[in-house]
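Participant: Residues per chain, in single letters:
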Amino acid sequence: MEALQIYWWALISLLGALLVFLLFVQGGQTMLCMAPNDTTRNLMVNTLGRKWELTFTTLVVFGGAFFASFPLFYSTSFGGAYWLWMLILLSFVLQAFSYEFRRKQGNILGRRVYDIFLFINGAVGCILLGVAVGTLFFGADFTVTKANLTSISNPVISTWGPSHGLEAIASWRNLLLGLMVLMLARTLAALYFLNSIDDGEKFGNDMKRSVIINGAIFVVLFLAFTGVLLTSPGIEGSTFTAVPYKYATNLMQLWWLGALLAVGVVMVLWGIVKTAIKPGYRQGIWWSGTGVVFTVFALLCAAGYNDTAYMASNADPTSSLTIANSSSSYFTLKVMAWVSAFIPVVVAYIAYVWYKMNAKPLTPGELESEHHAY
Amino acid sequence: MNDLMSVVDWSRAQFALTAMVHWLFVPLTIGLSLIVAVMETLWYRTGNEKWLRITKLWMKMFGINFACGVATGIILEFEFGTNWSNYSWFVGDIFGAPLAIEGIFAFFLESTFVAVMFFGWNKVSRGFHLASSWLTALGVVISALWILVANAWMQYPAGMEFDPAQMRNVMDSFTDVALSPVAINKFFHTVLSGWVLGAVFVIGVSCFLLLKKRNQEIAYSSIKVAGWVGTVGIVLTMWTGDGSAVEVSRVQPMKLAAMEGLYRGECGQGLVGVGILNPDKQIGDDRDPMLFGFEIPKGLSMLAKHDTEAFVPGIEDLIDGIELTADGDTIHTVSYADRIEAGRRARAALARYDEAHAAGDTEAMAAAVNDLKADYKYFGYGYLDNPEDAVPPVALTFYAFRVMVMAGGYLLVFMLAALYMVYRRRSLLDNKLVQLCGLATIAIVWICSEAGWIVAEVGRQPWVIQDLMPSRAAISAIGSGSVQFTFWVFVVVFTMLLAAEIGIMVTQIRKDADRDLMA
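Protein chains in written order, with the working numbering: chain A, 1 to 374; chain B, 1001 to 1519.
These are calculated hints, taken from the structure and not from any lab test.
Everything hinted at is true.
A few chain B residues facing chain A, derived, Cβ under 10 Å:
no.: 1; residue: F1066
no.: 2; residue: T1072
no.: 3; residue: G1073
no.: 4; residue: I1074
no.: 5; residue: Y1087
no.: 6; residue: S1088
no.: 7; residue: L1099
no.: 8; residue: V1114
no.: 9; residue: V1124
no.: 10; residue: D1163
no.: 11; residue: D1385
no.: 12; residue: S1482
no.: 13; residue: G1503
no.: 14; residue: K1511
Fair warning: this is a prediction, and the values are worked out from it, not measured in the lab.
Idealized CB from N, CA, C, for every residue including glycine.
The following block holds chain A by itself, in its conformation from the complex (with noise of 0.2 Å):
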């Protein structure tokens, strides 16, 4: 069982590190403003229109994967923090008929409305998931009694504070980490631009530029969070006590995922700085983004593993979420791990496809004759 528990948090973590480096469309949706006219900010839509469903599904296998395989989370998580949820559901709604529907005739709101849209999701998307994500490291106010179930009156085992995920948003420290990953998410798009935009020599300056300055301001942030993160307690599942230092630890015993969130920091930095540094060179997104993904999953899997309750309770630390106490039955997450050795298979269709697609950066030729463009 715990073998299997373990398989699943890395699982969740891997999901939610891909997560992140998809983020890169919500990163390039707040960058449109900056285009100089609309042939550019066609360009960089129909570039990053072609990624947008990837992204929106990653969130949504990452929710219906983290149901499936802890399911006590998504009852007390989504339950609870119902205003947080909400408004990250409620910009992504906007993004999914945002693409298609802004430069069609008939659309009624205009383009420039859908335009915003695009900007709301990536803001308000990647802020807000970082809020999300901030409840994983510095807990939240809440308190899981099953035996409610019992009761007519009040049958509702998670009950959260009267905020409703209103109070996860206004802590500084999940707040900190949601600007980091906006900024994250800006770098990658402007890499990810660079890397399959063909559209002259200003544009390729314009985005380096805002490589090196996005790029710094997340470093800043960076820096800021890991300090937080490691001088931060953790809650201790067996005892349900909390512990100083308890990040910092785990990732000192359990020293490859340590090392791994080194690998990836260093990977992230080398593909902002050869990006600032190299002319012409248009391959960075595929360092910082591979180094996104071991930074991720090393920090997410540290949040679980070596006794540490993933989601503690402020308001009653008996209540915090491990992967022990929160996962589904042995039974199922064995089904589960069945069918997730097929995820190898989807994986290599996605890259196949994804070399297919971006063999050669887009033009604005290139758009022009397209059959079908957003």
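Fit chain B to the given chain A structure using the hints.
Facilitator: Only chain B this time, still in chain A's reference frame:
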């Protein structure tokens, strides 16, 4: 308690709104993805430029609609957590699995290959593009499969047992969950109805092209493909509908009774073909349930049991726990009053187990488990105040069923007529009335489709999980004001979304009708 019921009502309203809006887009996605793939195959095999133009025409419609289905679909998944958090814990061990499998197998398939469908014309080979179109259609169907497995499980919970230590249900047979007869029937019935809806949409829009007297060849060819898809679809939808009726009578007899407005059943029960319910009828009184009704003799017995003399219980029979044999002898089953008592005993046993568990009293735990097991079948009834609480809204279920069946019958005639006209009497298709009829049928097929879901979902009230959990026990601990607010936000967003989608589609169709698509 008042606020609890208000949260339940608003949460139900929000979920119903989301599901109904989602279902406006999904069946069109199911149907159009298949029709587009067939059309592209015809182009691939014949090399005829006409089929390429036709494929791109309908692919455009598919793209506009697909995004809306995606937008509304994510809300449903999140709402299981945000609004039905108790449910998410109580059965998450079973219910979460199909959702995750849907994501892994279907969503990635769709989202990856739909990008090739739209943007890959100049980037991949013809064969790869065709494969992408079929893989997108396959992804749509796989997605429907797992969602319908999950939905069917709520209507007929199987393959699980209750774990009192965790206070939740846990899966013990994946095949019982995935391959339950209710799930299989529901899957085919729903997906095939999507074929019909997609086909009617294509025929209706083609009629508009004919009305404008341009692009006739494209319209005729589209009607041919859609006519075959729709005819196969409607015939098989009716066949699986018959299977659904048998399953409902077996596992949800109260829903069947509500569908028929049947309060007291009999052997050789007739089927109400057309009727008006008596709005004053109350459970247990002597009023006739129908103000007016045309009945097909022995029809309901035949439909539900495939036996003209079989007994079909009515609402009051089920509440009283009465069935009849073929000879008319009475058999006593478990009345709803007894079920409520059993449910309360089960709940009390669970509370005793929890106390014994906390005290480490293994003997008391074992005794409580025995008591719980004996009555667990009726666990959900323990949350109800009286037997009438277990009766779904009869009028809505009754009328929605009739709308679905009558519209379905019309659609069979419509499809056969479309095929006949396009192959044998094409001149009829040039008749303005016929063309307007084709256009109007677009509205009818959507009404039919939504009515089907109303029967399925309203008819199973008050249960979120049949007999085990009523909606009042499934909610999240949030204020009803919060849910009301998000409900109205969704109303605004969905209205905007629908208005924009309709605006874009109508503009696109008009544009296509006013230009030569073969040029």
